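Colleague: Put chain B on the given structure of chain A with help from the hints.
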Amino acid sequence: MSKQFEPVVIGFLCNWCAYAGGDLAGVSRLQYPPNLRPIRVMCSGMVPPDLVVDSLSKGADGVIVMG
Amino acid sequence: MRTYGTREDLYTKARERGVVFIRFDQDKKPEVNVENERIVVQVTDPVLQMPLAIETDYLVLAAAIEASDNTNVILSKATMHLDPIKSYVTEACDGCALCLDVCPYRAISLEEAPGDTTGARRVVTDSALCKGCGLCEATCPKGGILIHGFTLDQLKVQVEAAMEPIRLRIVKRWQTKSLVPIKITGPSCWTRSSIQNRRRFSNV
Chain A
8 MSKQFEPVVI GFLCNWCAYA GGDLAGVSRL QYPPNLRPIR VMCSGMVPPD
58 LVVDSLSKGA DGVIVMG
Chain B
14 MRTYGTREDL YTKARERGVV FIRFDQDKKP EVNVENERIV VQVTDPVLQM
64 PLAIETDYLV LAAAIEASDN TNVILSKATM HLDPIKSYVT EACDGCALCL
114 DVCPYRAISL EEAPGDTTGA RRVVTDSALC KGCGLCEATC PKGGILIHGF
164 TLDQLKVQVE AAMEPIRLRI VKRWQTKSLV PIKITGPSCW TRSSIQNRRR
214 FSNV
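In the order they appear, the protein sequences are chains A and B.
So in my numbering the end of the first sequence lands on 74, straight run, no missing numbers.
So in my numbering the end of the second sequence lands on 217, straight run, no missing numbers.
Same shape as in the complex, but just chain A (with noise of 0.2 Å):
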């Protein structure tokens, strides 16, 4: 285990404002570090509490969900 903690993070990406500035950013050529893995959902509403649970328990070291 010499190698840096390098966490994993769900990320849900509301699809009107979260994915469009990840969108933008990509647009932009900024980079953000691979460590999270966005999904995109129609609304951060939509993201119900079981799919956050499932998401830890498959070995997501965290959940974000941004709107």
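Since the hints were made in silico from the structure, they are not lab data.
This structure is a prediction, so every number in the text was calculated from the model and none was measured.
Check the hints yourself; a few may be wrong.
[Claimed, not checked] Think about it this way: if two alpha-carbon atoms lie no more than 16 Å apart in a straight line, the pair counts; the simulated EDC-like pairs of lysine to aspartate or glutamate are:
no., chain 1, residue 1, chain 2, residue 2
1, B, K155, A, D57
2, B, K155, B, D166
3, B, K99, B, D139
4, B, K169, A, D57
5, B, K42, B, D58
6, B, K155, B, D107
[Claimed, not checked] Facing chain B, a subset of chain A residues (Cβ under 7 Å, in silico):
no., residue
7, R44
8, C50
9, G52
10, S62
In this text, a Cβ means the ideal position worked out from N, Cα and C, and glycines have one as well.
Modeller: Structure of chain B alone, referenced to chain A:
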């Protein structure tokens, strides 16, 4: 030039090999003439904005592609990318009406279940009002209402796919070092035997 699928690679390769692609407009189609026993193709290049006369040894024409009669039927079928994203009610709906309160667009109403005489009710969505935000899907405890392209299963699979490299890395670490399961203060599924038994965490 727009290509679909992996044709983009072919196109790039062809460009690298020196193939010249010239676009033409429908009202300015290329003309083929024979001058001095040689084939000459005349076309207006939109990039150069100039008419070109290309002398050539061979002229190979691509076979025309005609759409079959039922093409419109296929196109009319809904696809995720062409259709606006909407909610739909499934058989699992038992009319508990929890979704009615959370819908910000008041797109959901309660109705008598079709063909039911016991007074059972189900929700109905108004696709004109629905914006596909999915609050109903997150609220429904039974999967009775879902969003096209964003069903619970589809979201779950996306999470699974995102976590797959991590899962493989952990499995590999255990296999190569034959370690006693490393300390992960998580669910009980993170044991070595459960990986061997299950190999997948899809149902944890």
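Colleague: CA of B/K99 to CA of B/D139, is that 16 Å or under?
Modeller: Judged against 16 Å, a Cα distance of about 9 Å means the pair holds.
Colleague: For the pair supplied as a hint, B/K42 and B/D58, is the alpha-carbon distance within the 16 Å limit?
Modeller: holds, 11 Å
Colleague: Between B/K169 and A/D57, does the CA-CA distance stay at or below 16 Å?
Modeller: holds, 10 Å
Colleague: Holds or violated: A/R44 as interface residue toward chain B, Cβ cutoff 7 Å?
Modeller: Result: holds, 4 Å to nearest chain B Cβ.
Colleague: Using the nearest Cβ pair, does A/S62 come within less than 7 Å of chain B?
Modeller: holds, 5 Å
Colleague: Holds or violated: B/K155 with B/D166, Cα cutoff 16 Å?
Modeller: holds, 13 Å
Colleague: For the pair we were handed, B/K155 and B/D107, check the Cα-Cα distance against 16 Å.
Modeller: Status holds; Cα separation ~9 Å.
Colleague: Holds or violated: is the Cβ of A/C50 closer than 7 Å to a Cβ in chain B?
Modeller: With Cβ-Cβ at 4 Å, under 7 Å, it holds.
Colleague: Is the interface hint satisfied for A/G52? The criterion is a beta-carbon contact with chain B at less than 7 Å.
Modeller: holds, 5 Å
Colleague: Can the restraint linking B/K155 and A/D57 be considered satisfied, given a maximum Cα separation of 16 Å?
Modeller: holds, 12 Å
When each numbered hint is compared with the structure, no violation occurs for any of them.
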